[in-house]
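The residues making up each chain are set out below.
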Amino acid sequence: MKSEPSANKTTQSAREALDAHPAGIRYALWVIVIGVLAALMPYHHEDMEAWRVIQNWDDLPCANILSTVPHTWSEVWNSVRREDFTTLSDDALLARAMSNAPNNEAPTPTVAVSESDTSNLATEQPVLESAAPPVRTRISPREFGRLRSDIDDPHDSLHRFYAQLDRVTQGEQTVARISMFSTSINGADRTSSQLRHLLQQRFGDGGKGWIPLAAGWRYQRHQDIRWEYEGWDTQIINHGAPGESRYGWGGVLAVATGPAHTLIETLARSRHSSSNLSNVRIFYQAHPRGGQLDLEVPGGETRMLNTYADEVVDRTFDVPVPNGARTLHIRSQPERSDQSTHVYGLTVENSGPGVVVDGIAFIGGFTRVLTHWPVTHLAEQIHKREPHLVIFWMGGNEATANSYRFSSGHYTRTYRQGIRNFKHAAPSLSCLVISVLDKGIRGPNGIQTLERVPMMVEAQERAAMEEGCAFLNLFEAAGGEGSVERWTQTTPPLISPDLAHLTRSGSRVIGSIIYRALLKDYDSWLSAPTGASTAQRNANASD
Amino acid sequence: MLFNSFDYIFFLAIVFLAFWGLEPHTNPALRSTDQRTAQNLQNARTTLLLIASYLFYASWNAVFLVLIVLSTWVDYAVGRRLYTENRPGIRRSLLAISLFTNLGLLGLFKYGDFAITVSGQLANQLGYSWQPSPLNLILPVGISFYTFQTLSYTIDLYRKKIDPARNLLEFATYVAFFPQLVAGPIVRASEFLPQFLQTPTLTKAQAQRGLYLILRGLVKKIAIADFLGANFVDRVFADPTAFSSSEAWVAIFAYTWQLYADFSGYTDIARGSARLLGFELPINFRRPLNVTGPIEFWRHWHITLSRWVQDYIYIPLGGSRRGRVRTYTNLFMSFMIIGVWHGSGWNFVLFGLWHATGVTLNRAFRDLRNASQVQASPSTRIRPLWVVAHFVYFAFHWPIFRGQSVDASLAYYQVLLAGDWDGLRVNISIWFIITLMGILHFCPKRWIDRMEALVCNLSWPWMAGLLVATGYALMHLAAQQPTPFVYFQF
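Which chain is which? The protein sequence lines are B and H, in order.
Sequential numbering from 1 applies to the first sequence in my numbering.
Sequential numbering from 1001 applies to the second sequence in my numbering.
Since the hints were made in silico from the structure, they are not lab data.
There is no bait here: all hints are sound.
Rough simulated footprint, nothing fancy, chain H against chain B, three-plus residues with beta-carbon under 8 Å: (1) 72–82; (2) 491–501.
If you want the ones that stay clear, here's a sample from chain B, every Cβ over 10 Å from chain H, calculated: (3) Asp47; (4) Arg96; (5) Gly240; (6) Tyr308; (7) Gly324; (8) Gln333; (9) Pro334; (10) Arg336; (11) Thr449.
Which residues of chain B face chain H? A partial, calculated answer using Cβ under 8 Å: (12) Ala23; (13) Tyr27; (14) Trp30; (15) Trp51; (16) Pro61; (17) Cys62.
Where a beta carbon is used, it is the ideal one built from N, C-alpha and C, also for glycine.
Construct all of the structure, not just a fragment, from the sequences and the given hints.
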């Protein structure tokens, strides 16, 4: 109970408040009036457009206040359940990615790329294990849908790869190998693993591809393996000068001067891929102080690999693996203090038919990294790895680094030199240059495309054309200018908050786009399998 | 509709004009000394607030309005009956109905999937092959807040501490009052319902303070919280392994300021909006990082939640009246509940564990010092050291709170403790904001009071100019789409 004086005090203050009361309303009203006038002012001046509170008159404040009111029971149900993005199909994700793109051509659904949509897979997907398709059966356009940008291959660069893919399609016991070189945008092997997954679902499981012995960068990953390692020092290609040192196919040299080990367990990402360890090939460097590697597979005998040689030389060793094995333990235990073992990595493949994709990323690397391998070393690696297609998806760091002074001519020359080194070692190697994606910066008018991105895309196209490679304008395929902003606004977001890297869902979308572009181009190749340019092929394909 | 959107500013202005338009002082047509007319006007204003509040909520999800209406109706009905009922058994049953309804809804929507997942895991551990499908229900925004509000009403009536609401209209408005509906502060019925008994007023000082609070809240949210989040913190938490240990440490310190600015910014806007409509909401933050330990922290951070837990959980459990061991147990239990209140999942269990352990140890340490006749609180000279120590202790637990899973939290801790100090890629603007927040937070309070008094006493042209200039500056700083407040997810 309050005391009487205190009650009187309260009543008095309430009375005072009541007496002073309308002053506050007048005060707030004036503020509102000034606020409204200030908000209206920019509409009288064209040059003040950026200051307009409402840019789009279709989007008036509170106009959509009742837009969540459901009209049907299914809308009620949908409004109380959250979406499980992990079960969202790639088609659905792609449709969201493109939903606000200018001149949008709605992507048509493919025949099943989603794990969750198994009914389509069971009925329509021509999986090789079950039935080999007839010779050169064209691919249904429903499988790749419509794309905003196709692969441009005027030099028929992809011929060798498609010929190999054709052999795979016809059921030969062979594998079509793709090596995809990129930067941190694929550092965790997310885009390449999506590409691997889709291609293997379509053409058969060719294996896990390239696996470094130890991560060269903090967040380097391989999505299809479980990986533990300890004791290795890694030397990465980014740090070297052109032609200075040997880094192996993956750009990471793992060096053990003391005890070191790596345990690899292969995982099955879907029912189309196998978790079996097979056709394991170790890529290593033999040298005068080379130590010994122990290779242990459960159920098999431990093999010892001596990495000694009189001079530095790149070698490979095929590890015999018993059926059903899933783990490989690699140990280095130098016997003398001056010994060391140098390992580049390993590959895990199946005998085919199938496709294998190496996801190789130089995190933080600029395009000039492609010139860092000594040419002879690169040639040896190419001959040992025997890729049918090399994909270059570089340029992400040049696009975003403030310290990098971009010059179109210099950039093109650097990129060309990198590609040339590959082509020098294997002139018939199929190569595909993929452009950078849209990259953004937060500015006064929201998120804007970085000015140099379209210039980089042009420079990359020029480099590809001048070196005889195919080119995919991924910038355009993913929605063109402004897509970085749209991709931050999708549900789920496709671009990470740094406006440069992809989220997990974004990687799925990009992997799907690259897959569709390859599939569509392969289909057009099937219409004229030899010696035709893209234009000729497309003309045939449309027949 | 987010507070940091033009939708909300427009909405608030409309509600403000309509609300005060139904007030006799501002509308000569309504001037009457008739008691009945005054009451009708009062009801009209309350109805307006209720409709506005329901529209505000419907702008997010109209279907979940059903839950608010259900909760409101059950508690109102239970409250009326509790007031007239004297038989203890029936009173207990009535209380049980309210608890079951409110906590049942909260449990279903907030903890349902977690319970299903844990049950499945447990069954598998016991050898049964059972993989239940999650419900994937959306968490209704604000459910944790309005559930606690309605519970406080029923429990206070059960304890005969308050009188029931005069009518359903006022009670429904108390539950759904839009400024505090989605993220607090958690207002007790005893604080809010009596305000309907008085004629609402808006003095010049109240209007100045209200507008200032809204301005301060918007600056905190857009210029500090969203900026830190978009330009640094979110990137590090999205993929901590891509950053060095030093960057990860800076990110958890920056996140401390981000979350504080986000949540206290929301509260400021809520209090400012309520004040412009003649209502007073309780303070929720009082320089919470300028403290020397967990106990003091919880007296300054999310005050309305800790006060609620103290009054409705800690004290009913026995509080500190039943010996030390029981006191520590009660404290531990209360803070575990605070942890789990924030969300479902093992992360939030660990989050509760972190704070429960911290507060309990803090209390034990204080008891020990009291018993040995040593000054319980640190001396002025070493106080800054304790403040810094607590700040680091507090920031260190963010990976648990922010991580999507225990694995994600562990990945962050691995980076924090990896000792990789190479590279500190933190923009100068981030350093500037962190430093500015530190200065504003730790400087003498009288400096801030003086500065606030200066702004609050501005005449209307200056206040309007300040609001317009800040509004345009924030408009250009803000993302195209307003970012939701962190506490919306709770």
